[in-house]
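Student: Sequence:
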Amino acid sequence: MSDRPDPRQRRLRHEPLEDRRMLAGVTVSNGNDVVNGTVTSISALVADSGGDGISLREAILAANADAAADVIDFAPSVVGTIQLTNVGHVGELAIQHDLTTNGPGAAVLTIRAFGGAAAAGDGARIFRIDDGNIATFKSVALSGLMLAGGDVNGDGGAISNFENLSIADATISGNTAAGGANRGGGVLHFFGTLAIARTTINGNTAAHGGGVYASSVSNIADSLIHSNTSTLSSGGGGGIVAASFASTKMTITGSTISSNHARNNGGGIVNASPNSDGLVVRHSTITGNRADSDSVAGGAGGGLYTDSGATTSLDHVIIAGNLRQATIRSDQSGGVTELRFSLIGERGTGTFVDFGGNQIGPPGSPIDPLLAPLADNGGPTWTHAFLAGSRAIDAGDPAAVAGVGTVPLSDQRGAGFGRTANGDIFVGSKIDIGAFEQQSASLVNLFVNSLVDDNDGNFAPGDFSLREAIEIASEQTTSYTIAFASSLTSAGPAAIVLTMGELAPFGSLSIVGPGADLLTIDASGNDPTPTQDNRDGSRVFNLAFANEGIALNGLRLIGADSKSQGGAIFNQGQLTVTECTIADSSAGFGGGGIFNVGTLTVVGSTFSGNRGNSFGGGGVRNQGEMSLSDSTFQGNTAANGGGVLNLQGGQATLLRTTLSGNTANSGGGLYGGDLNAPSADGTINLIQSTVSGNRGSFGAGIFNAMSTVIISHSTITNHMDLAGDPGIAITSTNQIATVTRLQSTVVSGNSSDLSLQIVSPNPTPTQPYQSAGFNLIGAGPTAVFSELGDQNGVTDAMLGPLADNGGPTLTHALLPGSPAIDAGDPAAVAGAGGVPHFDQRGFAFTRVAGGRIDVGAVERNAASADFDSDLDVDGADFLTWQRGLGASGVAATRSNGNADGDNDVDGADLAVWKAQFDSSAAVAAASVNAAAPTASASAGHRAAASPAVNGERTPLAVQRMTARDAVFTATGLPFLDPELFSRRPAGKPRVRSPWR
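Oh and the sequence shown: position 340 is 340 in this note's numbering, straight run, nothing missing.
Treat the hints as calculated values from the structure; they're not laboratory data.
The structure displayed is predicted, hence computed values, not measured ones.
We put the CB at the ideal spot given by N, CA and C, even for glycine.
Hints are not guaranteed to be accurate.
Calculated lysine to any residue pairs in the SDA-like style (CA-CA distance at most 25 Å, straight line) [what the hints assert, rightly or not]:
{"hint": "1", "residue 1": "K430", "residue 2": "L451"}
{"hint": "2", "residue 1": "K138", "residue 2": "A246"}
{"hint": "3", "residue 1": "K430", "residue 2": "G361"}
Computed beta-carbon distance windows for the label pairs [claimed, not checked]:
{"hint": "4", "residue 1": "D456", "residue 2": "I328", "range": "42 to 52 Å"}
{"hint": "5", "residue 1": "S365", "residue 2": "A491", "range": "14 to 24 Å"}
{"hint": "6", "residue 1": "N133", "residue 2": "G25", "range": "35 to 45 Å"}
Taking the hints into account, I'd like the entire structure generated from these sequences.
Tutor: Here's what the structure looks like:
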């Protein structure tokens with residue numbers, strides 16, 4: 001059980017008194033943005049609230065009028081969202097006096113800005129903190145809140161601060177400082193002091209400083225600055241800007257700056273301060289950021305850009321895995337960089353002052369710090385954990401003592417995660433480099449150096465097998481990690497053919513392969529008739545024994561022919577499968593790929609050509625708890641649930657996953673429940689996923705009987721019956737416990753989109769379909785699909801074919817003119833209120849583009865040089881630029897050839913066109929028959945997906961223990977997380993800017 005509190009619970013607060021002043025307190029009890037009470041003082045408001053409780057705006061107005069410092073709390077009933085308006089008042093909340101606002105928790109209460117209409121910058125920020133007197137500074141504290149939806153034509157998308165401000169335990173997400181040169185998409189800090197602690201700042205946008213722009217004293221600690229964007233071609237600082245003012249002094253401690261973008265310099269951070277201590281970064285990680293994101297030459301410093309004349313001090317900092325443009329390594333650039341006990345992936349330009357203990361990769365030979373994807377590793381903010389063998393583990397100052405000097409007591413995650421720990425068992429306790437501290441000596445590495453399947457006790461070089469390594473690791477009381485010597489795959493892909501039966505690890509164990517394209521574990525050596533499904537072979541892995549967590553990473557598992565449950569894998573413990581391919585396996589009793597009765601997590605993996613036979617679940621049969629994300633199920637078969645079968649109380653979540661070309665009698669793609677179940681039988685959540693081109697007699701896409709299937713932000717199309725004729729997308733039975741609920745989902749392009757199967761006897765038949773609004777349905781029950789935003793009777797959703805539109809899975813892009821474009825909830829803000837940060841394709845494909853969310857799994861994000869919006873950049877766009885050349889001001893629109901977002905159409909826009917030329921979604925040729933992919937042609941989907949490696953789509957970037965340079969090659973951004981990242985395959989990068 002985790003030591004961290006449930007984020008959905010209200011926070012405990014500690015409120016220090018300030019300078020012996022009495023603090024007047026008021027509790028917000030009305031979640032509406034109204035002013036009906038008397039706001040001349042806190043006491044007056046408490047006496048006369050207008051009869052409807054006290055609103056947040058009323059509380060702030062009354063606090064501004066008070067002479068004393070005040071405290072605002074929230075009643076337990078005030079949860080969810082406080083939506084600010086401009087009715088009878090300005091949209092923003094103006095704080096002008098000493099004030100502490102204690103929210104119940106960022107996961108509990110969101111303050112959403114007045115958003116205006118669809119145009120950028122016509123709304124308001126959330127807080128303006130300014131008393132108008134720069135001679136003295138008020139003290140303001142904000143905590144336990146999510147701030148979202150700011151859209152101001154000015155500085156400070158969420159907060160504009162001119163006082164002494166502290167922000168703690170908060171989330172600042174999805175805000176914009178719109179306009180030509182505005183600053184601080186999340187926070188603008190101009191005067192006074194700023195302290196940010198245990199806070200996530202993500203998905204914000206501004207010309208300069210997408211996350212934070214600071215021109216005075218500021219401190220950021222134990223926080224995550226993630227996926228923010230600087231949009232101006234002459235701007236910078238996707239995550240953070242330390243501005244060029246004499247007052248600028250910024251300190252960052254124990255924080256992660258990850259996956260931010262800048263059109264110019266400093267994808268992660270820009271330091272322009274003229275002070276020698278203008279930017280000091282300690283015990284932090286800067287990774288996955290990108291400068292010059294529009295690929296117009298000029299931007300530098302993917303992770304950190306230090307301006308000429310500025311100095312940046314680094315102490316126990318990782319800066320690695322950052323890029324300039326789409327593929328060029330660029331961790332640091334410019335100015336003076338002082339560093340001690342830091343790890344720089346690849347040295348850039350500028351002057352280095354080396355105080356010792358550093359690891360600095362030379363140009364062309366970067367250091368891979370072996371960081372895991374951004375994830376919830378405990379604590380209030382997400383972090384990049386270390387993979388086994390990371391050079392940052394125990395690589396810090398041997399004299400460092402937690403809590404002494406500038407060394408924190410804990411790492412970014414806070415209490416319970418000590419800052420100095422023994423991370424590799426080979427030396428004593430020693431601090432790690434970066435924001436994360438490896439907490440125990442749990443990473444014990446066993447390196448397999450033989451492809452032969454034996455167990456003869458000979459562990460000499462060249463004779464240590466995987467089976468032997470598993471036997472040793474399973475007998476240990478600590479968690480072991482098994483890796484593979486690079487010599488095994490140095491000549492190309494290799495295979496371990498099992499001949500001694502299935503592998504049966506237990507305990508706590510990770511098996512980390514070099515990649516599914518490089519290493520195969522083949523069970524066919526246990527099968528006397530490997531070309532037949534006659535149940536005389538074996539599984540690859542049998543995880544029937546109690547285990548504390550088995551992890552498989554970067555492997556290809558094939559050739560299983562099990563007579564029992566689970567072809568490649570049977571699991572009844574805790575299993576995590578990451579970046580694996582499970583293929584060509586069969587099970588007599590269901591679950592051709594995996595049969596799960598335990599807890600299963602699958603990330604970035606492919607299930608293809610597996611067979612579940614009469615017991616169902618060609619890819620996976622789940623009777624436990626299962627989470628699938630960023631994965632593909634293609635060409636699997638079974639009697640029921642060709643791709644996935646979920647029953648007997650199974651709880652399944654499918655996120656950003658594609659099920660295509662699978663075949664079953666019922667539920668070609670996905671089957672939930674059991675016709676004969678005595679009561680409700682399990683739950684499936686299908687989120688931001690694509691179900692396409694599957695075959696089946698009943699519910700070729702999805703079949704639901706006696707279970708709850710909740711579908712949101714997904715696309716379900718192009719289904720066929722078993723004869724290959726147009727088929728039924730979703731079939732649900734009319735049993736009482738059957739619920740199929742859809743939200744913001746496309747179900748169109750099938751012969752029948754939603755069908756009802758009558759199950760007899762049924763004394764009280766019910767309507768299983770429910771709408772949560774904003775769906776696009778070809779043909780559905782009118783009484784159901786008439787909720788707000790529903791479009792029913794749309795036979796042509798104008799979808800492109802299933803293709804590589806970016807990200808780790810195949811998707812259907814929206815063709816120009818699709819009724820799904822901008823047809824979702826107009827109040828949706830990416831990353832806030834349950835709305836995903838990105839669409840199915842992951843990082844770089846924002847979930848809300850063009851001012852309003854689209855319906856379905858994919859958001860239409862046009863490349864900036866796609867002037868005619870036909871989803872490709874070609875000669876027609878050049879002619880548009882040529883016609884618009886010389887336009888300026890309001891005439892300089894993208895449709896007139898303005899690609900770089902400035903105020904004119906000139907040669908710079910031509911340079912963008914050249915860089916993006918021939919970049920296109922696979923839907924550019926609208927003549928492609930999007931309704932015709934057949935199961936027999938499903939393999940062609942993969943062959944047509946370009947580019948590819950060894951016939952397979954390049955999957956999610958997952959960093960491994962081996963010293964491969966994969967995450968630093970010219971294949972795009974290196975880091976992904978379960979909500980948030982994807983990597984372009986190798987080859988010419990496609991540019992589809994999410995910032996249109």
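Student: State for each hint whether it applies.
Tutor: Cross-check of the supplied hints:
1. K430 x L451: violated (36 Å)
2. K138 x A246: holds (21 Å)
3. K430 x G361: Roughly 22 Å between the alpha carbons, so the hint for K430 and G361 holds.
4. D456 x I328: 42 to 52 Å: holds (49 Å)
5. S365 x A491: 14 to 24 Å: Because 22 Å falls inside the window, the suggested range holds.
6. N133 x G25: 35 to 45 Å: Violated, at about 25 Å.
Figure legend: structure checked against the earlier numbered hints; hints not met, in rising order: 1 and 6.
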